[in-house]
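Position chain B relative to chain A; hints supplied.
There are 2 protein chains.
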Amino acid sequence: MIARTDACPADETGVLRLGNATGLTCRECGNTVPLGPFYACDQCFGPLEVGYDFPRLTRADIEAGPKNIWRYAALLPVPQDIASRPTTEPGYTRLIRADGLAAELGMRRLWIKDDSGNPTHSFKDRVVAVALAAATEMGFKVLACPSTGNLANAVAAAAARAGIRSVVMVPANLEEQKILTTAVYGGTFVTVDGNYDDVNRLASELAGEHEDWAFVNVNVRPYYAEGSKTLGFEIAEQLGWRLPDQIVVPVASGAQLVKIDKGFTELTELGLVDGKPWKVFGAQASGCAPVSDAFAKGWDVVRPVKPDTIAKSLAIGNPADGPYVLDVVRRTGGAVADVSDAEVVDSMRLLARSQGVFGETAGGVTVGVLRKLLADGQLDPDAETVIINSGDGLKTLDAVASSVTVPAAIKPTIEEFEQFHG
Amino acid sequence: MIARTDACPADETGVLRLGNATGLTCRECGNTVPLGPFYACDQCFGPLEVGYDFPRLTRADIEAGPKNIWRYAALLPVPQDIASRPTTEPGYTRLIRADGLAAELGMRRLWIKDDSGNPTHSFKDRVVAVALAAATEMGFKVLACPSTGNLANAVAAAAARAGIRSVVMVPANLEEQKILTTAVYGGTFVTVDGNYDDVNRLASELAGEHEDWAFVNVNVRPYYAEGSKTLGFEIAEQLGWRLPDQIVVPVASGAQLVKIDKGFTELTELGLVDGKPWKVFGAQASGCAPVSDAFAKGWDVVRPVKPDTIAKSLAIGNPADGPYVLDVVRRTGGAVADVSDAEVVDSMRLLARSQGVFGETAGGVTVGVLRKLLADGQLDPDAETVIINSGDGLKTLDAVASSVTVPAAIKPTIEEFEQFHG
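Protein chains in written order, with full-length UniProt numbering: chain A, 1 to 422; chain B, 1 to 422.
Worth flagging that the hints you see were computed from the coordinates, not collected in a lab.
Since we're looking at a predicted model, the values are computed, not measured.
It is possible that some hints are incorrect.
Pairs involving identical chains hold if they fit within one copy or between any two copies, as the list cannot separate such chains.
The calculated DSBU-like cross-link candidates involving lysine-lysine, where the alpha carbons are at most 35 Å apart (straight line), are [as the list claims (entries may be wrong)]:
(1) K141 / K372
(2) K372 / K276
(3) K276 / K306
(4) K306 / K372
(5) K276 / K262
(6) K411 / K141
One chain only, chain A, in its complex shape:
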C-alpha cells in the first residue's frame, strides 16, 4: 500500500472499523487490502475503492434516520454512531420538480437535485463529512486539502464544527469571496503563488511529510469519494424509492458521476429499488473538456488539458476518475458533452428564471449540456430526467455580473414607477 501504516493507530491495533466497510479494493487489478489510510494499490498503483458487506437493510430503516446523509450511514465507511457526533450534517437537499424548465425544453418529467442547500452550499459538504469521519477513526489529527473554492469552504467549516485543526491551501489569485468564506472559519489558511496544479502537487508532497494530516482528496480519497453516493441514494428515495431514466451530472474529477452510478447500483442490489436501466450523462465546460473530448473520440484514456473556463469548480485538467466516467457513460448508454462559457452563463440565467434556482457556473454547465443533448437527440425528452445543481450562484457572481442588467434608479413616486413599469 502506498501509505505508511504508522499514521493509523486504530489500524495498528487491528481494530479499525468503519461501519460495514470491509476493505479497499483496487479498481484496476482487484487486489484487496485492509481498511486504512491507503489510496493507491501496492500491486499496480491503481486507485482503491471501499468495499462492504452490507447487512439486510429496509427502506424503513433508512427513513427512520436523520434528515441528512447519515440516514445512509450503513452504506458508508463511517462509524455507525456518526449521527451523534459534531458534523456539519450535510445532505437531504431538495429534489424539486422542474416543470417550468421542462416546458421550455420540451421535456416531460424533469427534476433538479439542488445541492446548494448544503451547509457551505455545495456537494463538497457530503464528501468532506465522510472523509472527516473516516479520518478521525484512522487517527488523523488535521483535516487538509488543496482547493479552488468549494472544497476549501467545506473543509474549513467541517473542521471548525468538529473542533479539529484544518489546513487549507488555495491559489493566491482566487476571488476574494472564496478566500473570505474559508478564512473566516479560523483554520490554517495558505495562499500559494501558483495555479491549482501547483497547489495540488504541494499537497501530495505534504501528505507524505505530515503523517497525521488527512488531505481529504489525496490520502483519504477512497473514503471521501464515497460521500457522493449519497446524491444517488437521496435522488432515489426522494423519487419515492425509484430510479430515474436519465441523469445529467457535472464532471470535474468525475468521482461524483461515478459514485452516483455506484449508489444506484447498490440500492438495486440491496433490493431498495426495483432494478431498471438508467443512463448517465456527463457535463463539462468546453474550456476544460478532457472527458467529453475522449468520449467524442472513442478513447479509453483521458488526455490532460490546461483549463480555461469560468466554471472554475469543474476546471480539473487531469481528472482522476475520467476513465471511469467513460466506462459508466458507455455502459449505461449515456454520453459526455460540453458547452461554451457563453452557454454556461445563459443556462445559469435560464435555470434562475424558469425555476428560481440560482446555481453556480457548474449548474450552468449541467443545464447547458442538458439542452445540447436534447437538441442533438442523445437525451430522450420523454424519459424521466434528473439534473444536479452542485453549488451556489452566490459564489460565482462574477459569471453573471456582466449579463444581468440592472435598470437605472427611479424616484420613489407612483408617477415615476408607472412610467418605468410602462
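Coordinates of chain B only, in the frame set by chain A:
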C-alpha cells in the same frame, strides 16, 4: 377592512379556503373578519392575525409529511395540497448542537437553528412561501415587495419557481451582491433613489393602486408572518418534540420572534409537546435598537429610530411588531438587548470558528446578544438554549472583510510551507 374586496375573486364567491384558517382577528380589539386580503382592522386599525380551527393532529401525521415547511401545512393558512404545487420548498433546516460555542461561553446545552440552508439562504423563504400560497388562493397575480436584500431574493426566486410575475423594489445604493442575486431571477426589478423607508412607502401606495399585486409584507402580511411559526415548530420537532428553556431571536420587524412564540404555544395547545415554561429573548444591533431601548426603559411603545448599523437585514427603525415583542419577552421572563457593530463582527467570527457556521450580520447580532445576556446574568447558562441564525454570511461579506486577515502567498514548495507553518 382596509382593503378592497374586489381584488379577491375567491372571496367574492364566498369560498376562500386556506386550510384550517377560519378568519382574521385584530390583535388590538379582537374584532374578527373573514379570510381575505386584509391586514388592518376596520374598527381600530390594529394589525390582523390569522385564526384557526385546528383538527386533531399527531406527531406521526407531521412526521409523514415532506421534509420542508409543508409538513406543518395543517397549522398554516395555505391550501392543503400545497406540497404538490411548485414552491421553493423551504424549511426543515438543520438544528445543530453547538457544544463548541457552548464551551466557549460556559453554557451547558446550546443549539443553533441554521436558516441559511433555505433555498435563497435566509428565513425569508419561509414567510414568502406562505404569502405566495395564500396570495394565489386570493386571486393575486403578482408577487411584490419592498426589500433591502433577503426578502428581495426570496420573492424573486419563489415567483420564478411558481411561474408568476414578481415586482421587487430596493434602495438603489444596495450592495451589488444583493442586486445581482435578485435580478438574475428575471422578474421586474426596480431600484429606487431613496432609503428603505422611501421604498416601503412607495410599496404601500402601489398596493392601493394595483389590486392584483400581493406585496408580501404589506397587504398579505397576516399570512406572510405566519410562516415564521415554522421555525418554532421545527425547533420543537428537531429537539424530539420538546420545547427549549430559552430562545434568542433577532428582531427586525419583530414578527419572527412573536411567531416563534406563537408556534410554541400552538404545539402546546395541540398536545404535540408537553407544556412547560420558556423564555424568549430578542436581539438587536445598537445602531437600530428601538425595541431593546423600549425594553430597557420599561415602555409599552416603541419609539422609531433612524438605523445606522452593518446589520442591514435588522435595520427597521419602526418595527411593526415591536410592542408585541415587548409583550412576549415580558410575559415569558426574557429580555431584549443590543450589541455594537464591532461585537457583531466579533460574534460572526466566533460562530464560524467555534461551529463552522458562517452566519450573516444578523447571526452575529444574535450570538453577541447571547454573550451579553449571559454576562449580565439574564440568561441561564445551565438552561437548554436555542439561537437563530436567520441568514448567510455569504450575503454580508463586507462585514468581515476588514477583520479577517489573509496571509501573504507562499511559493509552492515544502520549504516555504514549513517556514510559513512554523
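How the hints compare with the structure:
1. In this assembly of identical chains, the alpha carbons of K141 and K372 lie at most 35 Å apart only when taken from different copies (34 Å versus 46 Å within one copy).
2. In this assembly of identical chains, the alpha carbons of K372 and K276 lie at most 35 Å apart only when taken from the same copy (25 Å versus 59 Å across copies).
3. Taking CA atoms no more than 35 Å apart as the test, K276 paired with K306 passes in neither setting, with 38 Å inside one copy and 63 Å between copies.
4. When the C-alpha separation of K306 and K372 is checked against a cutoff of 35 Å, the pair qualifies only within one copy, where the shortest distance is 24 Å, while the shortest distance between copies is 53 Å.
5. In this homomeric assembly, K276 and K262 come within 35 Å of each other (Cα to Cα) only inside a single copy, at 14 Å, whereas the closest approach across copies is 48 Å.
6. When the C-alpha separation of K411 and K141 is checked against a cutoff of 35 Å, the pair qualifies only between copies, where the shortest distance is 25 Å, while the shortest distance within a copy is 58 Å.
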